[in-house]
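Kindly produce the complete structure, drawing on both the sequences and the hints.
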Amino acid sequence: MNILVCIKRVPDIGSRIDLTEDKQAISTRNLGFTISPHEECAVEEAIQLVENRGGESVVLTLGPAKADEQVRDSLARGIDRGIVLETGEGEWDPSETAAAIVAAIRNEEEKAPFDLILFGNESADSGGCQVGIRVANALDMPVVAAVKKLEIDGETAAAWREVDDGWEIFELPMPAVVAVKEGINLPRYPSLRGTMKAKKKKIDRLVPEKKGATLQMQELANPPEQKKQVEMLGDGPDAAARVIDVLKALEVV
Amino acid sequence: MILAFIEYEKNALTDASLQMLTFARGIAKDHGAELTALVIRGEETADFVSELGKYGVTKVIQAGDTQLPEYAPLAWAKIIAQVMAAQSPAMVVAAATDRGNEVMAHLGAISDLPMAANCSAVSADDPSRVTRLRWGSSLLEEAVIQGEPRLLTVALHVVEAEKVASALQPSVATFAPNLSTRDLRVRLVRREKDEAEGITLKTASVVVGGGRGVGGPEAYSLLEELAAELGAAVGCTRVATNNGWRPHSDQVGLTGTRISPTLYIACGISGAIQHLVGCKGAKNVLVINKDPEAAFFSKADYGVLGDLHEVLPAITEQLRKEKA
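These protein sequence lines are chains A and B, in that order.
Position 95 (the first sequence) corresponds to 95 in the numbering used here; numbering is contiguous.
Counting the second sequence from 1 gives a position; the numbering used here is that position plus 253.
In short, the hints are calculated from the structure, not lab data.
Each residue gets a CB set at the ideal place from its N, CA and C atoms; glycine is no exception.
Some hints could be false.
[What the hints assert, rightly or not] Think about it this way: if two alpha-carbon atoms lie no more than 27 Å apart in a straight line, the pair counts; the simulated DSS-like pairs of lysine-lysine are: (1) Lys533(B) to Lys23(A); (2) Lys66(A) to Lys248(A); (3) Lys446(B) to Lys227(A); (4) Lys248(A) to Lys576(B); (5) Lys574(B) to Lys248(A); (6) Lys148(A) to Lys446(B); (7) Lys111(A) to Lys202(A); (8) Lys228(A) to Lys543(B); (9) Lys199(A) to Lys66(A); (10) Lys148(A) to Lys574(B); (11) Lys574(B) to Lys416(B); (12) Lys455(B) to Lys533(B).
[As the list claims (entries may be wrong)] Okay, the calculated bits of chain B under chain A, using three or more residues with CB under 8 Å as the criterion: (13) 348–355; (14) 369–376; (15) 428–442; (16) 554–568.
Written as structure tokens, this is what we have:
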């Protein structure tokens, strides 16, 4: 089974978001970067499927040259090889991103077709909720989004989506595109051995064509801060009595 | 005209759809446009016409035929595209649910238009200018949507569902879509119910949550014991699920569940945005943390400075004493 996983490099934000002076991006001077959470699970899903069924897994990202860190991270976890579509700094909109990924997939498929193309349901930073679906439509492949459980049985797949009172189960013919959500699996951490092996794995770098944004980000803004005045109830176990008073006042006991 | 894609569950309009209609009605008013609702329905579906009138809809388009499955993402987008071609709306809106985002993404793809997901505002002067929510509303994006119609989804709880002062009597039109079997190749085939599990994160009036400070899976028993006394649900942070301490279904946060209890008791949680987004709906927050610098204290109503491993048993014991 040949699987492509598309991931995004996102800042690993903590308890606040600071913006750059021009308000075009998050200030990342003091931040690390990570694979966007849903995509981290897509990577794990691909590794497990190839472990169980054989084949090859490929990871692809579109982003700045440094996004090779997240590709290398995926290789250390067990993905076989990587592709970086280098964009320089600045955001690409969902249509541009999808078009570049489609071009890269067509190029790859001249060698061998993919049986499954995995995406995260939405990126942590821009949350556009559409790149996987756009790619699927351009390639005329079936697609389901927001998938938290995936069962593949030869020619068809069952994709499970969580709803309020249980699950919706979609059937789709393979080959297919699936956009997953965190919770579909528990991603492994890269092992030391995996990290060593990843150094020898191949990463192709390509420069995609930017077709021009149609969803044009103008600027980012912090929402008005809602600071609360915290009432301290005490230190350590001695605070228990006052905690009980609060529970009573809120009528939850 | 603004065309609104309607979602329903068990023959009732979803709250997310009613929020979206309340929001769309505001845009329609700002731009002197009519609000038209599109209901894709099978034979058994209620018609919703009078209900939609209560939310300011002036026209209802009922699309469907007897061959339709319960839901098929691409087919639904094709139906909207066909209605769009016939009606030329200025804007198409849906709720930013899994289904709403999915259908609108397909619609954007097949009609080669941009789609703005998770919008919280549309400019009253220029309908191409929207505000989008990022990082679960922790960051705002001002964006311009090129081309028409504008496609967007409305973020949840930007407005609450509100009826108009006097209900309208919408006109009704039917629309027969033209679909191929290929449009229906991905579809919802069945449902499974979750085992009844009593108090859930989404419905609990008290949630006790634990983060990195809990230290490992065993100490969650301290949270569970307090939760048992309070009839509360136990939640956790992404750190806890990523470490395998708790199942992902317990995660409160950007990539987990959004909760809205009367009281959230946050234990050993620093207050990262990933988590805060999930408990923003809590009416009251009590933070228990041994680190006085924890960012969560500045977002809390009540605080206890101390080690949760000592504080929680003391609270539980006191509650048991009072009950006895």
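Going down the list of hints, with the structure as the test:
Note on lysine 533(B) and lysine 23(A): the hinted pairing holds, with a Cα-Cα distance of about 25 Å set against a maximum of 27 Å. Annotation: proposed proximity of lysine 66(A) to lysine 248(A) is violated, straight-line Cα distance about 53 Å (limit 27 Å). For the proposed pair lysine 446(B) and lysine 227(A), the alpha carbon gap of about 40 Å is over 27 Å, so the pair is violated. Distance restraint check for lysine 248(A) and lysine 576(B): the Cα-Cα separation of roughly 13 Å lies within the 27 Å cut-off, and the hinted pair is therefore satisfied.
Only pairs whose Cα atoms come within 27 Å are accepted, and lysine 574(B) paired with lysine 248(A) is accepted, the gap being roughly 15 Å. A C-alpha spacing of about 15 Å is found between lysine 148(A) and lysine 446(B), which places the hinted pair at or below 27 Å, so the restraint holds. With a C-alpha separation of about 16 Å, the suggested pair lysine 111(A) and lysine 202(A) falls inside the 27 Å cut-off, and the hint holds. For the proposed pair lysine 228(A) and lysine 543(B), the alpha carbon gap of about 19 Å is at most 27 Å, so the pair holds.
Distance restraint check for lysine 199(A) and lysine 66(A): the Cα-Cα separation of roughly 15 Å lies within the 27 Å cut-off, and the hinted pair is therefore satisfied. Only pairs whose Cα atoms come within 27 Å are accepted, and lysine 148(A) paired with lysine 574(B) is rejected, the gap being roughly 43 Å. Proposed proximity of lysine 574(B) and lysine 416(B) is contradicted: the alpha carbons are some 48 Å apart, above 27 Å. Restraint check for lysine 455(B) and lysine 533(B): the C-alpha separation of about 13 Å stays at or below 27 Å, so the hint holds.
Coverage of the stretch 348–355 of chain B by chain A holds [criterion: at least 3 residues with CB-CB distance below 8 Å; count 4]. Here the stretch 369–376 of chain B counts 3 residues with a CB under 8 Å from a CB of chain A, which clears the bar of 3, and the coverage holds. Counting residues of the stretch 428–442 of chain B whose CB lies closer than 8 Å to any CB of chain A gives 5, which reaches the minimum of 3, so the coverage claim holds. Given a C-beta distance limit of less than 8 Å, the hint that chain A covers the stretch 554–568 of chain B holds, as 12 residues qualify and 3 suffice.
Of the numbered hints stated above, those contradicted by the structure are hints 2, 3, 10, 11, listed in ascending order.
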